[in-house]
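Visitor: Residues per chain are reported as follows:
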Amino acid sequence: MNRELKRVSIVALIMFVTLLVSSTLIQFVQADSLAADPRNSRTLYESYSVERGPILVDGDPIAYSTATDDFYRFQRTYSNGPLYAPVTGYIPVNGEATGLERSLNDYLSGQSSSQFFDQLNRLISGQDPVGASVEVAIDPVAQQAAWDALGDYTGAVIVTEPETGRILAMVTKPTFDPNTMTVHDGEQVQATYEGLLADPGDPLFNRATGGDMNPPGSVFKLVVTAAALESGRYTPDSTFPNPGEFTLPGSTSVVRNSGGGTCGGGATVTLADALRLSCNIPFAELGIELGDNAIRDQAEKFGFDSEFLIPTETEPSTYPQGLDDAQTALTAFGQGDVRATPLQMAMVSAAIANDGIVMNPDLVDQITAPDLRPLEEFEPSEFGRAISEATADTMVQMMVNGVENGAASNARIDGVSVAGKTGTAENGEDDPYTLWFTGFAPADDPQYAITVLVEDGGGLGQEGYGNLIAAPIAKQVLEAVLNK
Amino acid sequence: MTDHAATGRVTTAGDGGAPARPATPPSGIRRIRIPQKLRNLEFWLLIVACFINASAIVLVQLGALGRIDTQLVLLGAGLSVLVFGLHIAMRFVARDADPFLLPIATVLNGLGIAMIYRIDIAEGDAGWESAAVRQIAWSAIAIICAIATIFVIRNHRVLFRYTYLAGLVAIILLILPLVPGLGQSRGGAQVWIGFGDIATFQPGEIAKIALAVFFAGYLVRNRDSLSMVGKKFLGMQFPRARDLGPLLIVWALSMSVIVFQRDLGTALLYFGLFLVMLYVATSRLSWVVLGLSLFLAGAIIASQTLDYVGNRFANWLTPFSDERFNADPGGSYQLVQGLFGLANGGLIGTGWGQGRPDLTPVPQSDYIIASLGEELGLAGIFAILALYLLFVARGFRIGFAGQDDFGKLLGVGLAFVVALQVFIVVGGVTRVIPLTGLTTPFLAAGGSSLVANWIIVALLLRLSDTVRNHPRLVIDG
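In order, the protein sequences belong to chains A and B. Count the first sequence with the working numbering and you get residues 91 to 574, in order. Count the second sequence with the working numbering and you get residues 2 to 478, in order.
Hint data in this document are derived by calculation from the structure and do not stem from the laboratory. Among these hints, one or two may not hold up.
[What the hints assert, rightly or not] Examples of chain B residues toward chain A, derived with CB under 8 Å:
1) 76
2) 281
3) 347
4) 374
5) 406
6) 413
7) 417
[Claimed, not checked] Reference excerpt, derived from the structure (chain A facing chain B, CB under 7 Å, subset only):
8) 94
9) 108
10) 118
11) 121
12) 125
13) 487
Model, not experiment: these values are computed from the prediction. Idealized CB from N, CA, C, for every residue including glycine.
The shape of chain A in the complex, shown without the other chains:
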């Protein structure tokens, strides 16, 4: 009987060894692929169950996590959600995160490589993982002022620091409350998301860094002026023929100056006056003389056709390829297929203010580990030189004139010299205009570069124009930050 017993014991042993092997296969060999299965809700819950670090503005949290009793363990809350929605984004329980919640997820969730030893330490000590906190560059005064000044318009305001590229304010409207996207109910989140997607106002767009991608209109004349001055063949006093109508070469299309008529009096007009009064015909002529390559080169030096991570992804602004003279003429006053974001136009203004050097824009000042050890600190970085210091000086003066006695007069502030340029861009034949202002102040010691975008003609259809609606918004924001 013992021989049989021995065999049965061996069978029992084999059964147990089989179980050891099968559990090893699952828990060790296949563990990663099982974790990667999209149906594995544990993996999903894990990523939300970390106590994410807060996002701070001037030390105050605009996004923070509090412990809850449910599966997700933590609730993400956005204080002043709609105001900071384009900065924070959101991290829903289902679907993809946006904004800094997405771009800095590794840090916020404590998973970044620089936090590796913290993770190890916590694993050994049994502590729950905690993410790093992110201090953004946003100035709460500038952000609130931009929010108030933009009112109910559809559009965006962005304020940057010319010398560093730090983004001090980023407001977009219409917006939404990111708190509605972080409720712990996947179906409700999905319904909210679909509602926001279907909203004709496109509240999910961050119009400061992307969204509809508007033609820049006359604010693009800054880029063309820069190209002209940089070519060495033009000065502010260079003159152009001054007709009341200009038929595009090889076309029957006619270009007019805004308001019709010539650009000031006289048979010719200087480049300085053309920019100050924002006339289209002289710039169409200049554009054809410069050629699309020269304009594109200059635009790209300012940052067009490049992607910027702030560290959230932004939409690149674009200057079209392969243009004939007629198309080039249109792009020279920011029409045709030129597209720009307020962020890009803020970089153009900031570069002029910063002696010609384009700084990489950045939203984040510092990332700090839970033990207050800095993980990343913001260092200003140059994108490159767009124009010479001399060109920059010249253009500052030209932009100051534009505000003081030109087309951007509504941005004037008593006691402060403001440099600026307005834009009123056409969309379709009957579509409302897109209104722009870009500039900086104080002109002699630039602290703030600002760009305002108002879509849908500010509600006035083709009656609205940049100086009427966009310039006063910029003025209001600049006053608020300068009087701080």
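Fit chain B to the given chain A structure using the hints.
Guide: Using the frame of chain A, we list chain B on its own:
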């Protein structure tokens, strides 16, 4: 010990009701073994076991509650008192019993309670709603049953007398859940009895003990005819056709469990138990081949004709297909969630209270091993399997060292039924075999399972006591 004379002697001894050993050893005989040493070893192992269990409950509270709740610790302490009660009882009536069985059962029972408690916390159950409190109550009942067993059955050969009664009891227990008004169906399986929601019981768990007793007694009595050689076929000696009766009856019993009670695991358990005991008793491998073929044929036919069996097979083969995953009812959702849970545990686990075992359906009963694997990791699974293996090995040891064939067979049967049950459950969870609903011995929530397994502990303790003190009597005499 395979000749007829030995069997006859055992039968005589059993029938005669002779005491296994004198109540007091004859005076003047020098003790050559000191049983106290075994009991002292058991005592210290029990201390360790209770310490592990208390730590597990405290860690669950720290991990899942973030604070210590003394109520459950006190209930657990009450249970430890009962376990020591069994230990003290053995100092009087089973001094030579195996010192490892009780501590292993204690640790497994305690780990089970800790995990059930952890899932209660996740699901917000407290008081009598709490499965952990009920599990503790059932553990107390089960341990008291074990103490009673070890007191009442002073000599396992008494059971030999009741071979056919045990067989009748097993059949009645199996039929009970099918009685209208008494039986209850849960999760599709008709294996419960109870009145309303109170006092539900799975009689099939107790039936496995009765079956083991019956098989052991029956096989010892009839092994000679069952060992007779019939025709040779494919190089193997097959039994005579006229001796196929018992095998066919047990096979039919298992198949009716599959068909009427819709319980694949239990059928496999009973049939596997019978085959192993038949093989040990007759040393004819042909029985095993025949039996396995019959069972496989039955299972394959069942998988083609019975939806629930077919689903189990399909889930086993392709659990990750969307079709199986989304099928409801009968889909692979539970199986896949269990695998996700185990993967989430990885090598060292998430720690008590840190995983999400409650995402898997029935994490405290059928899937408790996946819950433990998630929070204690592969390391925890290995430790638990090692405990089971040691438990089973101690049972087999009785078989090897036993003096009488009935005791040997019963010991092997009881040990193997635990091994097979662990294999069916854990193998089902880890995709070695199709998933079937069975409780994990000692760990899973469920009163009947606890009572049955603690009675098995008591019987194995009783058997091991007989095995160990027997040589002394021989030398003494």
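Visitor: With 7 Å as the cut and Cβ atoms as the points, is residue 121(A) at the interface with chain B?
Guide: With a closest approach of 4 Å, the residue 121(A) hint holds.
Visitor: Was the hint right that residue 125(A) lines chain B, CB cutoff 7 Å?
Guide: holds (6 Å)
Visitor: Residue 118(A) was flagged as interface toward chain B. Is the shortest Cβ-Cβ separation under 7 Å?
Guide: holds (6 Å)
Visitor: Checking hints one by one. Is residue 108(A) an interface residue toward chain B, by the C-beta closer than 7 Å rule?
Guide: The hint holds - residue 108(A) has a Cβ within 7 Å of chain B, the shortest such distance being about 6 Å.
Visitor: Taking the least C-beta to C-beta distance, is residue 281(B) closer than 8 Å to chain A?
Guide: Hint holds; residue 281(B) Cβ to chain A Cβ min 5 Å, cut 8 Å.
Visitor: So, as I understand it, the hint says residue 413(B) touches chain A; can you test that by seeing if any CB pair is closer than 8 Å?
Guide: Interface hint status for residue 413(B): holds (6 Å vs cutoff 8 Å).
Visitor: Using 8 Å as the Cβ threshold, decide whether residue 347(B) counts as touching chain A.
Guide: Given a least distance of 5 Å, the restraint on residue 347(B) holds.
Visitor: Regarding the hint that residue 417(B) lies at the interface with chain A, is the smallest CB-CB distance below 8 Å?
Guide: With a closest approach of 6 Å, the residue 417(B) hint holds.
Visitor: Would the hint on residue 94(A) be counted as holding, given a Cβ-Cβ threshold of 7 Å to chain B?
Guide: Holds, about 5 Å.
Visitor: Take the shortest C-beta to C-beta distance between residue 487(A) and chain B; is it under 7 Å?
Guide: violated (65 Å)
Visitor: Go through the hint on residue 406(B) and say holds or violated, using the shortest Cβ distance to chain A against 8 Å.
Guide: holds (7 Å)
Visitor: At a threshold of 8 Å, is the proposed contact between residue 374(B) and chain A supported by beta-carbon distances?
Guide: Since the shortest Cβ distance to chain A is 6 Å, the answer is holds.
In this structure, the hints that do not hold are numbers 1, 13, in rising order.
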